[in-house]
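*Asks:* This is what each chain is made of:
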Amino acid sequence: MKDKLMLWLICILSALTAVPLFAILGEVLLRGYDQLSWSFFTEPTPTAYRAMKAIQAGEPIPGGIANGIVGTMIMLGMAVVFAVPIGILCGAYLAENPKRRFAKVVSYLTDMLQGTPSVIIGIITYIWVVVPMKGYSAIAGSVALFIMMLPLIIRSTEETIKILPASLKEAGLALGGNRARVMLRVQLPAAFGGIFTGVLLAISRVIGETAPLMFTALGCSFVRFAVDKPISAVPLLIWEFFNDPNLQELIWGASLFLLLFVLTLNITAKYLAKKWNQ
Amino acid sequence: MNDKIYKIILFAAALVIPIVCGGVVYALVTDAYEAFDHFGFISFLTSSEWSYTDGDEHYGALPFITGTLMTTFLALLFCIPFSLPVALFVGEYFKGTKVAAVLSTVTDLLAGIPSIIYGLWGFYTLRPIIMELDISPQGSGILTASLVLAIMIVPYAASLSAEFIKMVPNDLKEGAYSLGATRAEVIRRVVFPVAGSGIFSSFVLAVGRALGETMTVTMLIGNTNTMPDSITSTGNSMASIIANQFGEASDLRLSSLIAIGLILFLITAVINLVGKMMIKRARIS
Amino acid sequence: MESIKPILEFNKTCVSYTKQTMAVKYVSATIDRNTITAIMGPSGCGKSTLLRAVNLMHNLYPNIRVDGEILLNGENILSMEPIDVRRRVGMVFQRPAPFPTMSISENVLAGYTLNGINLPKNERDATIERCLKSVALWDEVKDVLNKKGTFLSGGQQQRLCIARALAMKPDVLLMDEPTSALDPIATKHIEELLQELQKEVTILIVTHNMGQAMRISSKSMFMYLGELVEYGDTAMMFSNPADERTKAYLTGKMG
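Residue numbers (our numbering), protein chains in the order written: chain D, 1 to 278; chain F, 1 to 285; chain E, 1 to 255.
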């Protein structure tokens with residue numbers, strides 16, 4: 001009797017936990033769906049004045065989030081280009097030297113960096129990059145994303161290499177290969193699935209980050225490709241729309257885009273991980 | 001490429017992490033120095049005044065430390081009654097079944113939602129409900145922020161706890177069953193004691209996440225710079241005051257914000273390291 | 001000149017994991033060219049440890065020490081570059097471990113790839129064919145050379161691993177219980193193969209299976225608690241062991 005009650009309680013509370021996911025998905029979908037159109041992805045954010053005019057005339061707000069999409073892609077691209085190789089090499093170091101004291105220190109610091117609030121990464125990048133460069137820039141934004149991605153890639157690389165059978169590495173070395181070639185030709189290819197999934201998850205984790213970009217990339221109301229100038233990003237736009245009464249209509253379309261992007265990356269990563277594990 | 005060069009390259013890549021972490025501490029400390037120097041370390045922590053009128057600048061971190069501790073503690077409180085059942089559902093009752101896989105996918109996806117979207121949802125959906133229920137007139141406040149924070153940290157606490165619950169050896173449970181114990185008793189007397197330290201450490205890590213969560217709190221806490229006097233009042237957390245004011249601040253105010261950042265960094269670093277160490281220990285035993 | 005020197009010679013070889021525990025104690029023995037030598041003994045007797053010392057696998061683990069001498073063609077390998085030794089001493093492991101990301105032909109050539117050697121196309125094809133033929137795998141896989149090696153059966157995978165080791169034209173082939181993960185039929189194939197292979201390479205094989213030692217080896221070592229208790233002709237050892245411990249093991253009273 002008591003057992004049944006407990007089981008029911010657990011099932012109900014577990015089901016309740018799932019509610020917010022569907023509530024959030026549902027709300028963003030319902031309110032953002034009719035904003036999505038071709039021009040939403042190809043046009044930059046309207047000025048507050050244009051938006052106000054449109055509202056007064058009872059028309060839908062013109063423009064879209066193209067500046068944010070381009071900015072996000074540029075900053076993410078630069079961050080990935082540096083974070084992936086450095087993260088993989090560092091992860092390989094940790095997997096190859098598990099007993100070294102230095103490796104243990106690096107391992108703890110990686111955990112610490114991973115737990116550091118993103119707003120602090122923003123402050124740091126501001127001090128390191130924005131102040132010396134005398135201005136906000138795409139470079140600064142990508143440094144912030146780089147610092148946040150690094151620990152995630154390190155961890156997934158380290159863990160994937162560590163669970164490879166030892167025989168793989170030994171067989172490679174027994175053929176006379178040196179460590180570098182065995183790592184490059186045998187261990188890393190065998191670990192590719194895990195590392196790739198890790199990179200996808202790292203991207204999905206940082207793509208929605210807002211706080212660190214507020215003090216580094218700042219934002220920009222038109223499509224821009226320069227890396228040394230302020231630039232926009234999708235989450236930054238959502239924050240701007242949230243704070244600007246004239247642009248609130250655009251919040252949901254931008255959020256829907258971001259949410260779908262993040263969740264698709266997440267699901268793809270999990271699916272690939274499952275597929276490659278078999 | 002010979003082994004020596006290979007080792008040097010790997011070592012150089014690993015060196016990036018200590019350099020970044022050292023740089024974080026160095027930059028925070030040097031830039032926070034002005035504030036600590038001006039107000040004194042202790043009185044900066046204990047002063048509850050935050051005013052930036054010219055000529056009468058005074059900055060103290062107490063309201064924000066209080067705000068952070070209150071939101072985090074409440075979020076933890078709200079998260080326990082949901083994450084424990086989910087952990088038991090996935091790790092014990094329906095271990096290895098399709099439903100469990102579905103539930104853990106759901107919680108994984110919850111963990112993947114960007115915090116700014118949680119903030120929007122809290123602002124446009126939860127806040128009106130709070131107002132409707134007459135809990136607080138403006139809807140925003142520490143309670144509202146904590147509720148959404150709790151939803152955000154449930155996935156972390158639940159999936160880690162489930163991992164430890166799964167690891168409880170079957171023969172221990174079977175031993176208890178064979179003595180006539182009910183399932184509830186087995187969970188209380190066998191599963192919780194054995195997995196306890198692991199479950200505890202997963203809540204520690206969840207707290208680590210809640211402490212530094214920025215956007216959600218910034219959008220929901222109400223952003224007032226005075227001491228909160230109840231859980232329904234508005235306030236600011238350490239992360240949200242930085243998010244709100246960093247862009248417009250300069251000189252002493254900037255340094256004070258960075259000082260708050262340093263304090264937040266140290267608190268989360270300690271909580272995270274303690275949590276990770278406890279998890280390692282729990283995994284070994 | 002070279003043929004006068006024994007191919008492999010252990011001279012007071014010791015392997016220790018910690019300062020207190022020695023896993024292999026003062027082993028001295030001479031291995032003849034183009035023979036199969038079986039190393040037997042109960043679990044934990046140090047037979048695998050001894051075998052792994054021959055291609056310097058222990059160098060991978062900083063806390064393992066190897067002392068004494070191991071001479072390959074008269075040269076002490078302990079003072080040689082590990083990579084040079086491993087090119088000349090091939091190894092086949094207990095579990096078949098073809099590299100999962102490489103195709104069958106890439107697996108055969110893995111030794112060259114891992115050494116940074118780029119063979120010309122015709123030489124590559126010739127090596128693949130020669131090695132796969134010498135492990136009797138050619139006919140079975142010649143149409144699927146570009147498929148991953150992991151689709152093969154256990155016995156086929158193990159033959160692929162032998163082919164991979166042979167591609168480097170080693171002087172010595174070390175085998176660490178190569179059939180323990182295989183079914184009896186696959187085991188029989190491998191044993192027949194080894195009989196053929198000893199014409200080109202000297203084989204040192206660790207085995208748990210006394211029948212296997214009797215069937216394929218001309219000489220046998222019996223190790224116990226890290227010591228080489230007895231070393232001699234296989235037939236002789238089985239019919240008339242000199243040491244009580246060997247006798248106890250061979251009659252099933254030990255291990």
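For the record, the hints were derived by calculation from the structure and aren't laboratory data. On a predicted model such as this, the values are computed, not experimentally measured, just so you know. We treat Cβ as the ideally placed atom computed from N, Cα and C, and that holds for glycine. Be a bit skeptical, because a hint or two may be false.
[To be verified] Which residues of chain F face chain D? A partial, calculated answer using Cβ under 8 Å:
(1) A27
(2) V29
(3) L74
(4) L76
(5) S250
[Claimed, not checked] Straight-line alpha carbon distances no greater than 27 Å define the calculated DSS-like cross-link-like pairs of lysine-lysine that follow:
(6) K4/F with K162/D
(7) K95/F with K270/D
(8) K173/F with K2/D
(9) K4/F with K4/D
(10) K275/D with K148/E
(11) K270/D with K280/F
(12) K98/F with K275/D
(13) K270/D with K98/F
(14) K99/D with K98/F
(15) K275/D with K19/E
(16) K166/F with K95/F
(17) K7/F with K104/D
(18) K275/D with K173/F
(19) K162/D with K166/F
(20) K199/E with K188/E
(21) K166/F with K2/D
(22) K148/E with K169/E
(23) K162/D with K274/D
(24) K270/D with K148/E
(25) K99/D with K173/F
(26) K147/E with K133/E
(27) K274/D with K280/F
(28) K2/D with K4/F
(29) K274/D with K95/F
(30) K166/F with K270/D
(31) K169/E with K121/E
(32) K275/D with K7/F
(33) K274/D with K166/F
(34) K95/F with K99/D
(35) K104/D with K19/E
(36) K98/F with K4/F
(37) K162/D with K7/F
(38) K4/D with K173/F
(39) K253/E with K274/D
*Asks:* Going through the numbered hints above, which ones does this structure break? Give me the numbers in ascending order.
*Replies:* Hint check: 2, 3, 4, 5, 9, 14, 15, 18, 25, 28, 32, 34, 36, 39 fail, others pass.
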